[in-house]
Structures are given as C-alpha cells and as structure tokens.
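2 protein chains.
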Amino acid sequence: MIGKVTVIGLGPGNVNQLTPEASDALQAADVVFGYGPYLDRVPARAGQRRRASDNRQEIDRATQALTDAAEGGSVAVVSGGDPGVFAMAAAVCEALEHGPAAWREIDLAIVPGITSMLAVAARVGAPLGHDFCALSLSDNLKPWPVVERRLQAAASAGFVIALYNPISRARPWQLDRAFETLRAHLPPATPVVFGRAVGRSDERVRVTPLSAADGSEADMATCVIVGSSETRVVERPNRTALIYTPRSNSAPIT
Amino acid sequence: MIGKVTVIGLGPGNVNQLTPEASDALQAADVVFGYGPYLDRVPARAGQRRRASDNRQEIDRATQALTDAAEGGSVAVVSGGDPGVFAMAAAVCEALEHGPAAWREIDLAIVPGITSMLAVAARVGAPLGHDFCALSLSDNLKPWPVVERRLQAAASAGFVIALYNPISRARPWQLDRAFETLRAHLPPATPVVFGRAVGRSDERVRVTPLSAADGSEADMATCVIVGSSETRVVERPNRTALIYTPRSNSAPIT
Chain P
1 MIGKVTVIGL GPGNVNQLTP EASDALQAAD VVFGYGPYLD RVPARAGQRR
51 RASDNRQEID RATQALTDAA EGGSVAVVSG GDPGVFAMAA AVCEALEHGP
101 AAWREIDLAI VPGITSMLAV AARVGAPLGH DFCALSLSDN LKPWPVVERR
151 LQAAASAGFV IALYNPISRA RPWQLDRAFE TLRAHLPPAT PVVFGRAVGR
201 SDERVRVTPL SAADGSEADM ATCVIVGSSE TRVVERPNRT ALIYTPRSNS
251 APIT
Chain E
1 MIGKVTVIGL GPGNVNQLTP EASDALQAAD VVFGYGPYLD RVPARAGQRR
51 RASDNRQEID RATQALTDAA EGGSVAVVSG GDPGVFAMAA AVCEALEHGP
101 AAWREIDLAI VPGITSMLAV AARVGAPLGH DFCALSLSDN LKPWPVVERR
151 LQAAASAGFV IALYNPISRA RPWQLDRAFE TLRAHLPPAT PVVFGRAVGR
201 SDERVRVTPL SAADGSEADM ATCVIVGSSE TRVVERPNRT ALIYTPRSNS
251 APIT
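Chain order of the listed sequences is P and E. Oh and the first sequence: position 21 is 21 in my numbering, straight run, nothing missing. Oh and the second sequence: position 85 is 85 in my numbering, straight run, nothing missing.
Next comes chain P alone, as it looks inside the complex (with noise of 0.2 Å):
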C-alpha cells in the first residue's frame, strides 16, 4: 500500500501561529522529517519517530520522506513559515518528478502556514500594503546576475521586496550589494525592515532608511522588506513608528 506525505508550515516560530490544520496533521503523521531546530518546536507524540537532518539537506530529506511514504508510511516534514516560499515543498516536489514512477502515486498534501515575510510586516504595520515581491538573495541555487536582474526590475516597477535568506556566513556580501543596487532605484528615505526571528523569545525589528542600511543588521532568521518610494513612514509620539505602503499608487510610470 502506498502511503502519504504531508508538507506542513510551522509559521514564523511562535506556537499561536501555527494553524490548527497544522497542528492535526503533525499529530497524524507516523514519522517527522526536519532540519533539527524545526522539529524541536513540534509537540511530542508517544510512537511518533523524528528524523532531523541539516538545513542544506532538502533534497536528501524530502528523498528518505518519499521513499518511507511509498513503502506505505505516513510522513510529515515540517518547514518553518509556510513550506510553498522558500522551503520544503518545492524540495519534494523536485524529488518526486525525479524519482521513480511510483512516487507519483504517492498522497502528497501541503498544508500553509504565516511566511516570514507576514509575520514581520504585522509588527510594523503594513508595508506589503500594496504590489510586493518576494525574492531570495541566496546565490546557491541561481547566479548572482539573476538576482541583480530581479532587483532591478522590482524596484524600477514599483513592488516592494521581501529578501528571504538574505545573509550567511558562506554568503556576507550579497545584501550590502543589493542595497547598493537599490539605491540607485528608490529614494534614500525609502524604510528598510529588519525583522528577526518575530514572535520567538529573540525577536529584534528595526527599520532604517536605505541609505543606511547596512547588511550587518540581518543574520540567517531575518527577513529584510524594503519599501517602495511609494512606502510611508508614520511617527508617533512613544511608539515605534508605522511603516505601511498605501492601497492607492500615485507614482509616476518609469
């Protein structure tokens, strides 16, 4: 008998954000694939077995969790946010087209949850208000000119950008370098937010013009979001400020 995968977002880190869909189908699965510290914030079960693997190791997990599924198990593998941005379910889905006939008669489900990019605009207000684009700066996986390409076209049509993965330590130029890119397409005011690991015990946000953004704020559970130059920045009295990108556009076409 063939069994099942379940692709399941554990949101940004904090339990009140992960869904009660989520919760069940964690509670369902025979076995849990994930990196190690993902799987330490799922609730132990009695009988439920855990296989941790290291944070590179995507396609080498999602492989052991397709195969123990077309043996008949029924597997979950956790990502952190939500599995369809940046994470785990691309991971199997690849593995799948290209592993043998049979895994493709394998029940395979992916349950969403908060990505980053949600949890840490919340905090500031609204500044994914209006057009946003998400975009990875690891250039593991693409080469760096794409990403330079991306940029550029995003910030010249006036989306707002979410950077996942924006930094690591085999990685430490390629954010100061996209804000360089940046600059020379949004005004110096335009808010940059830094947001590490929201809603966990260590959450730290801050927001800087672009100007002077600098790389060394971000670390490897940050999501960086610059605004557009249509992106407002609202002081208040005690108060962080708010940081929110209007539902009406008014700039002008370039």
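Don't take each hint at face value.
Straight-line alpha carbon distances no greater than 20 Å define the calculated DMTMM-like cross-link-like pairs of lysine to aspartate or glutamate that follow [to be verified]: (1) P:Lys4 <-> P:Asp60; (2) P:Lys4 <-> E:Glu235; (3) E:Lys4 <-> P:Asp60.
Residues on chain P that point at chain E, a partial pick, calculated with CB under 8 Å [to be verified]: (4) Asp30; (5) Leu118; (6) Phe132.
Now the stretches of chain P that chain E is said to cover, found in silico as 3 or more residues with beta-carbon under 8 Å [said to hold, decoys possible]: (7) 14–20; (8) 92–105; (9) 153–167; (10) 183–197; (11) 222–236; (12) 240–248.
Calculated directly from the structure, the hints in this document are not laboratory data. Virtual Cβ for every residue (Gly too), placed ideally from N, Cα, C.
Put chain E on the given structure of chain P with help from the hints.
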C-alpha cells in the same frame, strides 16, 4: 483612556487555518468591524458587538474603528486572508496617518493570517517555490498602465506572479488583458492556476496553460497564479498534476 485596534487575518476561510493568535484576539475584542461575510466567520461571543460594512468601504471602516479606539474601545477589524496583503491593515494605517494626532497614541496591532496565494499554491504543489510577486489587478486605486508595467517587469525578470482581485463586475476585461500581456513574455505552456474559495465548501481549483487561460474562469473569490518559464508541471496517474517552481534557476538572463 486611549484604546486598542487589532487588525486580524482570518485566513482563506476554513476555520482550521485560523491561527490561535487570531482566535484569541477575536475573543478579546469588545467590538468587531468588517465586511459582512467575513464577520459571519467569527464565532459569536456574548456581549461582543459587530459592525458590518460593505466590501469597498475600507477607509470608512478603518476610521470608525479608530474613532471607537480613541474613545477607549477594544476594537478588532477583520480581513480575509492576511490583513497586510491588499487588505485592511494598510487602510487602518492610512486612516491613522490622515486622522487626528491623538490617533497616533492608539495601541495598533496586526495579527497575520494565511494569505490566499499560499493556500492556493499549497493545493497544487509549490508554484511559489522560488521568486514571486503579488500584484493587485484592480485599477480602482492605480492606473492600468502601472499594472501593465508591473506585469511586464515581473514576467520578463522571471518572477512567478500571483494576481489578487483579478476580476469583478466593474472590472471585466482586465484579467484577459493581463494574460495577453503575459503571453508576450512567457511560453504558451506556462501553467496558470485558478484557485477559488480554497478551503471552503465551494472550492474550485483549475490549471490551464497560459495559451488557453480565460478570464471567465475567475471571479472575485479567485486568486490566479501564473508560473514563470521555470515552473514545472508533473503529471500523475489518477491524481491532478503537481505544479512547482524549482528552487534553482537555469533560465537565461533577458
């Protein structure tokens, strides 16, 4: 005493996708403002008042909520999906910016939710698995040439495109015009996902190649996802095809 406004994301419609954080915030409010059909999803609580308004009265609704909070009320404003994505959070920020100075002292919180494109993507695989954008097709609040410019920029730079507000009785031609624009930049076989009312009893999900995409497949409750030239269609026996965008990019830079 100054009050509080919490803008709450209800998710796509299934109560299983409402986060515990959102449930708790709904319970805590003394009065809930929202578009009628969204209010109908909120579980009743003794003593809690409701203020329904029409879909297009976002700024009026935001103004009323802030007025109540300025008088000390504990007010919730509900949105379908995520309040920060083409929804009420930006409207509340906008009303606050242009309202009385005292409103800047109101305790404003945003509770994120699963936005439509994430729920639709999850149903078919991982079409948002790599760089993507979210674009409102409504030209009520921005000129149509801005929409066209953004469609062209996004498609030619290789972003997958999620279209919000694709069609309405007052905007019948825009979606077909958008498909026409995109056909100039993307291969005919590019998959287009029409996800309607996902998670609700009247859910309907269809996938069609861009060459055959027809605006009449969509209505106001639909989110449309248009792949990039990288997006894959994986046929499966006895199952719907999987649609996903690989994590790595191999397209030429244009």
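Verification of the supplied hints:
Among the hinted pairs, lysine 4 of chain P with aspartate 60 of chain P is consistent with the structure: their alpha-carbon atoms are about 17 Å apart, no more than 20 Å. A C-alpha spacing of about 18 Å is found between lysine 4 of chain P and glutamate 235 of chain E, which places the hinted pair at or below 20 Å, so the restraint holds. For a cut-off of 20 Å, the pair hint linking lysine 4 of chain E to aspartate 60 of chain P is broken: about 48 Å separates their Cα positions. For aspartate 30 of chain P, the suggested interface contact is broken, since its CB lies about 21 Å from the closest CB of chain E, more than 8 Å.
Proximity of leucine 118 of chain P to chain E holds as hinted, the smallest CB-CB distance being about 4 Å (cut-off 8 Å). Proximity of phenylalanine 132 of chain P to chain E holds as hinted, the smallest CB-CB distance being about 6 Å (cut-off 8 Å). With a cut-off of 8 Å between beta carbons, the region 14–20 of chain P has 7 residues touching chain E; three or more are needed, and the interface restraint holds. Counting residues of the region 92–105 of chain P whose beta-carbon sits less than 8 Å from any beta-carbon of chain E gives 7, enough to reach three: the coverage restraint holds.
Residues of the region 153–167 of chain P lying with their CB closer than 8 Å to a CB of chain E number 6, which satisfies the three-residue condition for coverage. A stretch counts as covered by a chain when three or more of its residues have a beta carbon under 8 Å from one of that chain; for the region 183–197 of chain P and chain E the count is 0, and the coverage is violated. Counting residues of the region 222–236 of chain P whose CB lies closer than 8 Å to any CB of chain E gives 4, so the stated coverage by that chain holds, three being the minimum. Check result for the region 240–248 of chain P against chain E: holds, 6 residues qualifying (beta carbon to beta carbon below 8 Å, three or more required).
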